[in-house]
Amino acid sequence: MQASDRFNINSQLEHLQAKYVGTGHADLNRFEWAMNIQRDSYASYVGHYPLLAYFAIAENESIGRERYNFMQT
Amino acid sequence: MMYTRMDPEIAKTQEERRRMEQELASLSSVTFDRDLYGGTDRAGLVDSIPANDEEEPDVHDNEVARRLASYTAPKSIFKDMPRGGDESEEVNGTQKSSRIIDREDDYRRRRLNRVISPERHDPFAAGEKTPDPSVRTYGDVMRETALEKEKEETLRAIAKKKREEEEAGKGKESVKEPAAASAAPAKRRNRWDQSQDDEGAAKKAKTASDWDLPDATPGIGRWDATPTPGRVGDATPSLSRRNRWDETPTPGRVVDSDATPAAGATPGATPLGVAWDATPKGLVTPTPKRQRSRWDETPATMGSATPVAGVTPVAGSYTPGVTPLGGSDLATPTPSNIALRGPMTPEQYNLLRWEKDIEERNRPLTDEELDAMFPQEGYKILEPPASYVPIRTPARKLLATPTPMGTPLYAIPEENRGQQFDVPKEMGGGLPFMKPEDYQYFGVLLNEEEEEELSPDEQKERKIMKLLLKVKNGTPPQRKTALRQLTDKAREFGAGPLFNRILPLLMQPTLEDQERHLLVKVIDRVLYKLDELVRPYVHKILVVIEPLLIDEDYYARVEGREIISNLSKAAGLATMIAAMRPDIDNIDEYVRNTTARAFSVVASALGIPALLPFLKAVCQSKKSWQARHTGIKIVQQIAILIGCAVLPHLKSLVEIIEHGLNDENQKVRTITALSLAALAEAAAPYGIESFDSVLKPLWKGIRSHRGKVLAAFLKAIGFIIPLMDAMYASYYTKEVMFILIREFQSPDEEMKKIVLKVVKQCVSTEGVEADYIRSDILPEFFKNFWVRRMALDRRNYKQLVETTVEMANKVGVKDIVGRVVEDLKDESEPYRRMVMETIEKVVANLGASDIDARLEELLIDGILYAFQEQTSDDANVMLNGFGAVVNALGQRVKPYLPQICGTIKWRLNNKSAKVRQQAADLISRIAVVMKQCHEEQLMGHLGVVLYEYLGEEYPEVLGSILGALKAIVNVIGMTKMTPPIKDLLPRLTPILKNRHEKVQENCIDLVGRIADRGAEFVPAREWMRICFELLEMLKAHKKGIRRATVNTFGYIAKAIGPQDVLATLLNNLKVQERQNRVCTTVAIAIVAETCSPFTVLPALMNEYRVPELNVQNGVLKSLSFLFEYIGEMGKDYIYAVTPLLEDALMDRDLVHRQTAASAVKHMALGVAGLGCEDALVHLLNYVWPNIFETSPHVINAVMEAIEGMRVALGAAVVLNYCLQGLFHPARKVREVYWKIYNSLYIGAQDALVAAYPTLEDEGKNTSTGD
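From first to last, the protein sequence lines are chains G and A. Under the working numbering, the letters of the first sequence match residues 33 to 105, in that order. Under the working numbering, the letters of the second sequence match residues 8 to 1273, in that order.
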């Protein structure tokens, strides 16, 4: 970080961003980012019921089990 | 049929008109664009934060809040110290000093008596090691305190005994002595103010009066508050110089100073005192008492503690602290060097030199000289008789000491070229100007020694000093860099050197608010960096920071709290307790008070539970009542500080202190009751069950106690009763009431205030019925409290009004107003004012429906009388009261209106400007009621009268007259207004030139109102003229005026068409002033909004072709505002402006790109979801290359534009832009892209899931999870 934006709003912005899991930084490697992506995706599947139902039909599983599976991975 | 069909249409139109009118009605309160200006209702905001419950907010502050339309800065700011004022003004003393010490009272000044203690042992860092004997451990400190106390007791006893003896013995002596003793404290104050060397000061011996008034006197001791001679030796000495007192063999010194207690002050205070100690005492010991008294007198000619020198008021006359060194080198042996380091004025110096000169001439002849003079034979050397005592003043003795540099007759003082006397020296290396009082701290920096010759430690110290000086006296940029360096290198410098430099500065008596703020900031930053390294310095820091907790400046208190909180987080609870424990039962009340406050901050920082066991132990201390007192006070301060957050710990806190109610010491009982009150107040309205255990002792207490303790107990009960259920509250109220009624008669002011407060609290609780109040409380209450005397004290006044209003809430308007209405004709004006304020509040709260015809008559009569008889009404009480009553009575006031208007007219013609202003203000308050009473003719008449007074010369009055006209126009409308608008407006145009804020604001409001509602009454040419005047108003300092002006442009443009107005505005873009241009752009945007964008955009975009930076930026800014205002209407114009924005986003000028980016942002946000994606993507392509900008404003604007695009285009699009750089080989690129990704992620994480790229499995690092 440069001296100039150590005390301005941008630094606060970065601080804010750093508080969220799933945000990244310049040193993040491909694997870590992929892991974040996957977690986000599973969280999204669990969060949207229609998606969950869709997967359940596709995999021929109960919705509850699908949700459980997604949460485990 | 026709009729029914028409009806809804009419209704719709009417509805619409009403809505519009409502919107426009807000013109008067200048809140136009809720979107733009946030639409906050300023009246709802608190304009000041109450500091704590102990301080009553100033009446004047309230006043400002009530009047709301204050036209200058709030009074609280005027009252405030001028910060960072002109230095040249400060020097000549015409300005009010901004030094902290000048506004402190004696109690607060006691902070200077504390001494920065040496570092302490840090058991955490040391681990299992036995502490080095030279380091002070917790045990040492505790022992010292105990010893100190014991000594204090003994000395007090000795002094007392001695005094008694002396009083009995010699009448004459005893007359003289108390006088001296009483003079001592005053002198000491001066000495403290003047002497800036706290080493030297610490060395100064103490007076006997120290022992006489142990609590009130400051100790100058090294480690503790109260010093005693020779005490320092007990403790492990930390600074080598300190020991010199003890090294010097001074037989019977303590006895000496004991024997001449009053006198002790002077020699001790003189720096030379050290030298006397250094000389063998044997010489003096045999001298009789009188001799010693001469000692005391002599130094008056030369010592720095002499009254003459001591009171030299102008700090500027100081020579640098080092000056006297040269002189002292000549004359005195080493020990005095240190002492003389203290400030010495040139006069003193000259005196010293002169005296030395005389001494040289008159020095006794030596044996050798005599031998040379006289023949060898015929003379015989005789032995001096046994009874002979040489006459020697200390000064002679001192100066006669042979010195290597002693020269006969006149001595040219040794010149040290390294120093300057009066002229502040040019500081090398870009160091800021040094004030005279800074020399003793930073004087070393003036010595031009080679840096390389210094040891690394000294170099480090130098560096710290330089940085500190820059922080303290430097320009803002200097300060900023210095602060940053100090922070960054904090660990490198080390805690010791840093604090040893910073803390003495904070003890500097001449410190100013701004400087203190800066230094405190340094400590804060440094603390954060040093973390656990601060442990040994905790007490040192506390000594300096604690006084901030009781400063009268709110921000200082907050700062103090913040530092202590950070300190406790850095050092940990154990260290904090160890550092503060010895102070808890310090003999000095000041120390205990500040320590209690500091502890409460620690509790709030580290959590109450952590502190509970310690508090419990302290509150039950058997050893001293002081400890119990402080412990309980800590609980009180905790309650005050953290408010309702005490609730989870309420029970344990109450349990900890409850035994204090039965303590044997009265002070402890009092503080316990006060703490309970604070706890109950903090917990309200919950937590009554926690107080169960104290109810009984409290109730027993109020029956058995009297005076102060009773007051405290009553206070506690007053705060506990509101927590109770209705039934209990009623019961307990009745129980306590008879005591309260008994105390109604108490002459004690404090008791009165508490009783009033408790009555208020009791009355406002649910279970207390109106009948009970009416029959049991009111008669006594009015008999004892509604007397003239109560109106004289501000606090009493306030409390009484509050309590009475609270009672009125219970028993109704009639009972209260009926009782006081006659007093409106009382002969005492303050009393009338108090009555008026009460009536105003009661009527404003409860309305006037309760008031019958007879009372109404009395009321109006009384109010008119009081209004006319007032001589001064700074707080507008009479005006507000009048307004409130008239508004409450509404139509019932009709019969009195002619009389009221007669009064107003008469007063409008008064000689006094205040009276005229008040009359005009009154019109604006009652205009609405006059309309209700259908007194339009009367209003028209008043309108004409006001119109005639528009030539008023006092701006305040003129402002009020304009306000009154505005109020009348508002209620009777443009058409019925007399004088007609076409006459009124031309009269207003010249007034727009007036530079007074109040006039400007009211005038622009009135003009805007007319432009809005009655533009057709005025020819277009007149409006254009007004437009030109308005341009000037855009320069106004007050935001409200600028805002009203900008809106008026909108109305005028609507009235006469945008073309002419726009031409004026676009021309104004060429001016130099930034603020003016900004306001113009806003005005353009508003014109575009009111007259539809298509009327404005062509001209505006055409203006962009002018090859001038300011104009182009103005156009872009207008576009930005424009798209912000028009919102989704922007979809019709987005394609039109895209080429312009393209150009701007490619411009070389940063500001072009910045402003264009913010225009793009507003545009994108406005048209989100309206199918303009193609244009937006196009624009995004132009915005995107700017992401690598570094200038903060530009990058902010660009990032916001991208955020806007995220909203309008969806996160997926922006993610695809992002993906190209997330893993770019260059870190700089990656950083920026990740920043964008992160804000994207936070903004629309869920939406990203669908657009995440498919990452090919690379075979390694495969996630095993699925």
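Where hints are given, some of them may not hold.
To be verified - Rough simulated footprint, nothing fancy, chain A against chain G, three-plus residues with beta-carbon under 8 Å:
1. 50–57
2. 60–72
3. 91–97
Don't read these hints as lab results, they were simulated from the structure. Predicted, not measured: the structure shown is a model, and the values here were computed from it. The beta carbon of each residue, even a glycine, is placed where N, CA and C say it ideally should be.
Quick rundown of the hints versus the structure:
no., hint, result
1, 50–57, "holds (count 5)"
2, 60–72, "holds (count 9)"
3, 91–97, "violated (count 0)"
Checked against the numbered hints above, the structure violates only hint 3.
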